[in-house]
Every structure is written in C-alpha cells, then in structure tokens.
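With the hints as extra help, turn the sequences into a complete structure.
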Amino acid sequence: MPATRAILLLPALHAVAAFSPLSPPSLSKIPSAVSSIRPLSLRNSRKVGPYMFDTKVFQKETIEFSVNPDPSKEDILRGGRDKFPLVKKAFEGIKKIGVIGWGSQAPAQGQNLADTLKEIGSDIKVTVGLRAGSPSWKAAQAVGFSEADGTLGEQSAVIKESDLVMLLISDAAQANDYKSKIEPLIKPGATLGLSHGFLLGHLESIGETFRKDINVVLVAPKGMGPSVRRLYEQGKTVNGAGINSSFAVHQDATGRATEIALGWAIAIGSPFVFETTLKEEYCSDIYGERGILLGAVHGIVEVLFRRYMSQGMTPEDAFKNSCESITGPITKTISKKGILSVYQMFQGEDKKRFEEAYSASYTPAKDVLAEIYDEVKSGNEIRSVIMHGDRFEKYELRLPLTACALM
673 MPATRAILLL
683 PALHAVAAFS
693 PLSPPSLSKI
703 PSAVSSIRPL
713 SLRNSRKVGP
723 YMFDTKVFQK
733 ETIEFSVNPD
743 PSKEDILRGG
753 RDKFPLVKKA
763 FEGIKKIGVI
773 GWGSQAPAQG
783 QNLADTLKEI
793 GSDIKVTVGL
803 RAGSPSWKAA
813 QAVGFSEADG
823 TLGEQSAVIK
833 ESDLVMLLIS
843 DAAQANDYKS
853 KIEPLIKPGA
863 TLGLSHGFLL
873 GHLESIGETF
883 RKDINVVLVA
893 PKGMGPSVRR
903 LYEQGKTVNG
913 AGINSSFAVH
923 QDATGRATEI
933 ALGWAIAIGS
943 PFVFETTLKE
953 EYCSDIYGER
963 GILLGAVHGI
973 VEVLFRRYMS
983 QGMTPEDAFK
993 NSCESITGPI
1003 TKTISKKGIL
1013 SVYQMFQGED
1023 KKRFEEAYSA
1033 SYTPAKDVLA
1043 EIYDEVKSGN
1053 EIRSVIMHGD
1063 RFEKYELRLP
1073 LTACALM
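Each number in my numbering corresponds to the 1-based position in the sequence shown with 672 added.
To be clear, the hints were calculated from the coordinates, so they are not data collected in a lab.
From the three backbone atoms N, C-alpha and C, an ideal C-beta is built for every residue, glycine too.
One or more hints might be untrue.
DSS-like cross-link-like pairs, simulated, lysine-lysine; straight-line CA separation at most 25 Å [said to hold, decoys possible]: (1) 1023 - 894; (2) 767 - 853; (3) 851 - 1049; (4) 760 - 732; (5) 894 - 1049; (6) 767 - 884.
The calculated label-pair distances, taken between Cβ atoms and stated as ranges, are [to be verified]: (7) 853 - 970: 45 to 53 Å; (8) 1046 - 908: 39 to 47 Å; (9) 927 - 1013: 41 to 49 Å; (10) 884 - 909: 41 to 49 Å; (11) 1013 - 926: 41 to 49 Å; (12) 876 - 816: 36 to 44 Å; (13) 1046 - 970: 31 to 39 Å; (14) 1064 - 853: 13 to 21 Å; (15) 803 - 898: 18 to 26 Å; (16) 1056 - 740: 39 to 47 Å; (17) 1025 - 1046: 28 to 36 Å; (18) 965 - 742: 28 to 36 Å; (19) 790 - 988: 49 to 57 Å.
Have a look at this one:
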C-alpha cells in the first residue's frame, strides 16, 4: 500500500471524526510525532444523549456504550423479519401511506413497505405520488405500482389522502414547495415522514416551523436506496439483513409518533434502529457530505493527481493511481479494521513519513472541517443548496473545463 496515498487520506478522515458533534477521538494510540498533535477544543462542544425512548409495541434494549468517567447509555431497537407482524399495531389508524417522489430512497422504501405489509396481511395501501408528467412514472410502474390499483397517483392527491406522508423528494424541492404546495395538503393528525432533516434546517433559516396539528418523524437509512432494497430482499432468507436506520420524533401531535416511526424503520428492513434528532441528523449528514464524500474525496484525488503528474506520470496513470486512494485497499482496510490499522501496516521509513505528514496536516484539516461544521450548523450551507437549486432551474449547469479534460 503506497504510503503517499495513506498520508494524504487519513488526516482528513481522522479530523472529520474528531470534529463530530459527539466526542473527539483519542490520538494517544498513534505514537511519535502524531501523538504530539495539540488537541483542539470543539467550538460549542457538548455531550449528546442519552437517547431513551418509550414504546408499547416493540421491545427495546438499553445498551451501555461506556462507563466512568463518561457513562453513556442508549436505547436501541433490533429489527428483523420476525418483528414484521408488530408493524400492524405500530401503524394502527393508518390506512394509506404516500411515498412522495422517486429518487434514491423512494423506490426502495416504497417497495420494502409494500412487501412487508403484504407479507403480514395488512390492508394498508402504499401509494407512490409523483408530479403529473413525471419521467419517473414509468419507473414506478415497472416495479409494480399502478394507477389501476390505486398504488400510483398524482402527488397532490396522494398527499391529501395519506395518513403517513413520506416526503422523499430532493432537498431543494422540499425547500421550495413544502410551505406553499405540500404542508397545506396534509390532513390534521397525519404524520409527515422524512428521511433527512434538511427541511427543518431550511425552515429554521427562514423563521418557519411545522404545522402543530401533524406528527413530524424521521427514519434515515444509513445507506443509499439501492442497498436498502437489495439488503431487504437478501433478508427474505437471512432474518435481520438490511440497512440500519436512525429515527427521530420532532413533533408528536397524536401521541403515536414514536410507534409510527419505529414501525416504518422495521418495515423497510432495518436490523438496528437508534434515536437521533432532525437537527443532529442534518448537521452530521451534510457535514459528512461536504467534509468527506464531496470535499475530501475531490481534494485528495486532485492533490494526488497533481503530485503524480509532477513526478512524470501520464495523465491516465496519474488519474488511476489517484482514484485508487479512494476505491482501493486503504478505504477497505479502514472500513473493516479502522484507521489505526493502516498506520500499523507501515514499517521503517514509511511509518516515519506517515507520522511527519500526519502531524503537519491534521490541524489544518481540522480547521477546515471546523469551518464546514459551522457553515452547516449556522444554516449557510443549507441556503447555498437552495440557491444552487434555483440556479439549476434558470441555467444549464456545465462541468468545468478541468473536469471535462479528465473524462
């Protein structure tokens, strides 16, 4: 494993973990120059939790994550197909579930819900709601939703009729349409379901709130839609297979919001369900996207590309070697064994170079990530997403010339 790739990749990943809203990592296990890094105090740092919730339908568990000097306990719910029959009771009073949109999450969650409800003999109808003329109409029909049996319909009508409205359209569309076109259609006592807390961040940034006569809950699978569906189908033969989900109850107008959220999470196949808040979900999610998925990945690849080019590589080889730092053995090792294991794989001079580079880059990386978190928490990043969506409506967005040159 080339030391250069790991030297550039790890400080950003470790720094993003250090500046999480939960707790900073210990650097003491990485010796020499790395362990001498001056720890930075987190801006507005606070302890989170404990998350303890009440349910009369499901049997929760309390997990002790740590003891003194910082004791931490949290309630979780284990899922699995053996829990599916309890969804009927959790969804008591719900006759229709509207899945609004057809992006990454909607196809998976819609199909999973429909399959679960059919399996347990529930008469709750799952209906996909799309804009008239939507290009996704045929895609929804292709997996079994149809106008003929009332499982596919125009978005506004589906929202009006649904007892649980799962709003799974894009962040920009939620920001633009929620107050004017969506919320007025939700019937009193219904439940608004989200899979991302972005909408709360937007409403807070403009001084608005959710209507008080509806439940507002979140179920956020920790994976992309295709994997939510694939692992649910795998679970048909392996009980408990699926994607873990966080859940949140932001507003409980009927007294049943928690049961509905937990039932939703179990019904889409989540093997483990744990509590969060809408605000912490969108802060951590957007921060991770900007700090790692979008920002760090782009930055690491570009820096390595420039470095390899300066060393005489062809553009093609430089690009392949750069991308290998993200898709190759380093990432897989981190995923399975942790960041420290990468450091421990080095010997001699490579280990020394790693320590020196890590020490030099950790603090600047953490400063950048601290700024990113502040931008997300303040609402600035959310406003930029909405402005981007507005520009997209007006202008055709093109790839920059540098990106085109690499294609």
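Output the indices of the hints that this structure fails to meet, ascending. Failing hints, ascending: 1, 7 and 13.
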